[in-house]
Amino acid sequence: MPTNFTVVPVEDSEDASNSAGAAEGSKPISLGKIFGEEVDEDNSEEPHSGDDSQRESRPFINPDNDGEHYYDGKNMALFEEEMDSTPMVSSLLNKLANYTNLTQGVREHEEAENEDGVRRVTVTVPQMGTFIGVYLPCMQNILGVILFLRLTWIVGTAGILGSFAIVSMCCICTLLTAISMSAIATNGVVPAGGSYYMISRSLGPEFGGAVGLCFYLGTTFAGSLYILGTIEILLTYIIPTATLFEEGAAMPNNMRVYGTCCLVLMALVVFVGVKYVNKLALVFLACVILSIMATYAGVIKTLIEPPEFKICLLGNRTLKNEKFETCAKTKVVKNITVTTDLWPLFCDSEYPNATCKEYFISNNLTEIQAIPGLLSGVIKDNLWGNYGPAGTLIEKESQPSAPVKETTTDISPYVFNDITTFFTLLVGIYFPSVTGIMAGSNRSGDLRDAQRSIPIGTIMAILTTSFIYISCVVLFGACIEGVVLRDKFGYSVKKNPVIGILAWPSPWVIVIGSFFSCCGAGLQSLTGAPRLLQAIARDGIIPFLQVFGHGKSNGEPTWALLLTVGICEIGILIASLDAVAPILSMFFLMCYLFVNLACAVQTLLRTPNWRPRFKFYHWTLSFLGMSLCLSLMFICSWYYALVAMVIAGCIYKYIEYRGAEKEWGDGIRGLSLNAARYALIRLEEVQLHTKNWRPQLLVLCKLDSDLAVKHPRLLSFTTQLKAGKGLTIVCSVLVGTYMTRGNDAKTGEQNLKAVMAAERTKGFCHVVVSSNLRDGFSLLIQSAGLGGMKHNAVLMAWPAGWKQARDSSARRNFIETVRETTAAHQALLVAKNIDRFPDNHERLKNGFIDVWWIVHDGGLLMLLPFLLSQHKVWRKCKMRIFTVAQMDDNSIQMKKDLQMFLYHLRLDAEVEVVEMHDSDISAFTYEKTLMMEQRSQMLKQMQLSRTEREREAQLIHDRNTASHSATNDKAAGATPDRVHMTWTKDKLVSERNRQREGMAVKDMFNMKPSQSNVRRMHTAVKLNEAVAKKSHDSQLVLLNMPGPPKNKKGDENYMEFLEVLMEGLDRVLLVRGGGREVITIYS
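With the first letter of the sequence shown counted as 1, position 899 gets the number 899 in the UniProt record's numbering; the numbers rise by one all the way through.
Rather than coming from a laboratory, the hints here were simulated on the basis of the structure.
We put the CB at the ideal spot given by N, CA and C, even for glycine.
Check each hint, because a few of them may be wrong.
Label-pair ranges, simulated between beta-carbon atoms [claimed, not checked]: (1) Val547 to Leu844: 20 to 28 Å; (2) Ile411 to Thr620: 50 to 58 Å; (3) Ser576 to Leu303: 36 to 44 Å; (4) Ile470 to Lys653: 27 to 35 Å; (5) Arg843 to Ser576: 53 to 61 Å.
Quick list of in silico lysine-lysine cross-link-like pairs, DSS-like style, CA-CA up to 30 Å [as the list claims (entries may be wrong)]: (6) Lys1048 to Lys872; (7) Lys762 to Lys725; (8) Lys357 to Lys380; (9) Lys552 to Lys803; (10) Lys552 to Lys279; (11) Lys279 to Lys301; (12) Lys552 to Lys310.
Produce the complete structure using the sequences and hints provided.
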């Protein structure tokens, strides 16, 4: 039976008095409502220190046998514990000789429908099968203008064997591409979007945008090609009299005028409505099929009766027979010999006694069959190619001809080459006839079963069209006379298309069929290209194209159509079908290349999501298809290929630099991961050579209470030091637990990324949550990086407020970080006054970067100024190197050796040797050491609060003045305030301990400073004096950083030594080497 629960809120102890009232006023609450609500927890925790401070009685104090010998070598006492591992520069220089070392608009399925504020109209389309949805559209797009207008000319020029090679290469290329495309298209649901969608989701937005725009340009120029084909058919075969300009050189102007008019007309049709284009699609397809059937019927008819088309030859030269009917010089009319219409073409008058060209007089006229037929044996003559420069007369080699020295250059009566012909040109002209294989995938959203229909329909269409093209090549070569095949425009057969005179029953079947076929293909290009551009624009990967993502209320891409018409007009202004064809070949080949690349990459990566239903693919086929596409690009036109690659490369870099960040699970990202994994494994296998050493930085940043970066200039300095090269890991630590501060960690990472972007710091960032800062920094130093890509140097800011801190955690954290980097053999860079360092926008116009080279710890001090000088901020600063000579060193020889050393290191720097002679320890040094030890001892023993600490510091100051004795007397005579309290045993013990500590403070005023500390303080003071004197005006000072004492008793004193060492200097970088050579004199 159901049970009712009554939940009574339980109040905190301090609110216990209100709990009864709360219980009375409570009502039954459902458990689902309670547990469905998230409880906000307080994320703020008080930071607590890591390890307990040890209570040594005397920091940095050695046994009581301190004697006068502790003052020996006091100049370098600060570095004496490291002399074994980091020798003095003087000893290093002595051993210098031994130094070594698109389509329809896409609605992305991951995004909301109204994301960009545009309501997208969904149109219900009847689902289509393989035959109607894929096979026929591919057939219609593949078979087109080149088949009717140029294939016979290609066969005649390249020969049957050459044409067979061209057709085979192109068809194999598209077949391999179709196999790759089928694999991609069947790997999940492919929304409408075609090749652009497939490539962008397989290779990423950069490749997708670049190739999508290439495909768009190819489709647009295909529209130009089809319109130029339409106008060529119209003006050459249908209405030759409609030319506005005289034929010949002015013919391109006719193409431009009529082409522009046709383009505007087609654009209006597309603008009014695509439904009209779709209704006419079946008519256009019928025209193509009827034309091909008529061609095959004509070939069969040649077996029975060859067509009655004759060509006229003068000698062995082919004549244009549009202006004469009789192939003879004279004819007999009523027993009178009169000249024919041919006579005036070669003579100055129509009379028999006229002066004629010598070649006309010396050679006879011959009339031969234009189409001898399949059984005529003409196939033998057409096997081989016949190339030639522009203006070459088309001659029948087997026909006799009398050689005559020509005195005139008039070749107008003859048929001749209008352009220079060669094999690679023909490849570029032919390739557009095999494009169109994407027609099925572009309709993927309208298919009943796209994953089944696209592979079957596309591959069957390619096989069918390949058979048609190859059979046409063989049949044309076997049926038609060679000189007729080479006649591009059919001038020798009364200006009929050559394929038309072969067709049955009439050439007009081909003329009308090809005309409507070209019209339909042009309309489809003008319909598809704007939608492809709209799909790219709506994806938002190319910012300047976003305006083309909008259109009419029904979704029609109006702005994209206008741009398409503008680009299409460029192709029409070229006014040559032969010149436009290689251009669109480039763009389509580029698109097909990346389809193959996408399939190969996905197959080789074996990504878990790569599970195509189409199983008949292999990465070798995709790679072969990719290689064939690249080869065909350069075969067609190497300069067009370079231009297409530059365009794609520029688009790629633009999207990478400015485009919106998209994560589509693309293969390039998977490829990057695999490459990174491989590189990391290789890096870990081999130890890094000195020549390849560069600072791989772990930057320890601090975040303030608002999780903002405390020292942004630390990242500026990182950028200046690295110039974007090598590894940079920017890290920070939050105190608490990850369960309570997980969101803070993510916010901190975002803030770090924002500052890194602002400071142009390229690298990674990470924020960890730890129980205390010490453990967090230790964790990062040990584990940051991966494999061979681990940091070898740590960069951090000097803890400027360590003296004023409430506790000693800042000091302990810093010293332990120094110890851990040393133990991990990592270099350490500590920047003092980091907020005064220049940012990336400043330019230091002069000044020096001073290096104080005291001990050699791997050469990092030499390398850092060189790396900084590579950045534009420090570029104009000169490098100076100072080293220290002692009494027994030859300073002149040291300077020469150092100059030679720098010469071998290829570093430009001024060299100066600073001599530091033994001198007595000054009273100032002694007093400073005494004050340091007294302060440290007091803070260690008393663990005072901040107020008491300031009071005690004031007491020490008074102790060291002339009136300190009076102050002592006053302090001794003072009695503590009496407070009435109830005594317990614990309070009594604590009070006694406090009194004992008070006595220890009194005894401390009588202590003597440690001789060891005096020597170290002497070194710090003397070095600081030298550095301040020589480098007071330098832009940056780099100093060897002495290590912390091996005995942890003197940690507080160590910080004091470093403060004294850097006193009075503006920008200081303390450098501590990682224990390995980082710079070498060898190449």
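Against the structure, the hints come out as follows:
At about 44 Å, the beta-carbon gap between Val547 and Leu844 misses the expected band of 20 to 28 Å. Under the hint 50 to 58 Å, the C-beta atoms of Ile411 and Thr620, about 51 Å apart, fit the expected range. Against the hinted window of 36 to 44 Å, the Cβ-Cβ separation of Ser576 and Leu303 comes to about 37 Å, which satisfies the hint. Here the CB-CB span from Ile470 to Lys653 is close to 41 Å, at odds with the stated 27 to 35 Å.
Between Arg843 and Ser576 the beta carbons are some 54 Å apart, a value that agrees with the proposed interval 53 to 61 Å. About 42 Å separates the Cα atoms of Lys1048 and Lys872, which puts this hinted pair outside 30 Å; it is violated. Using a Cα cut-off of 30 Å, the hinted pair Lys762 and Lys725 holds, with the two alpha carbons roughly 8 Å apart. Distance hint between Lys357 and Lys380 is unfulfilled; the C-alpha atoms sit about 34 Å from each other, more than 30 Å.
Proximity of Lys552 to Lys803 is assessed by CA-CA distance (about 70 Å); at most 30 Å being required, the pair is judged violated. Pair hint Lys552 plus Lys279 holds up; C-alpha atoms about 21 Å apart against a cutoff of 30 Å. The suggested pairing of Lys279 with Lys301 is violated, with an alpha-carbon distance near 34 Å, which exceeds 30 Å. Under the criterion of a C-alpha separation no larger than 30 Å, the hint pairing Lys552 with Lys310 is inconsistent with the structure, at around 56 Å.
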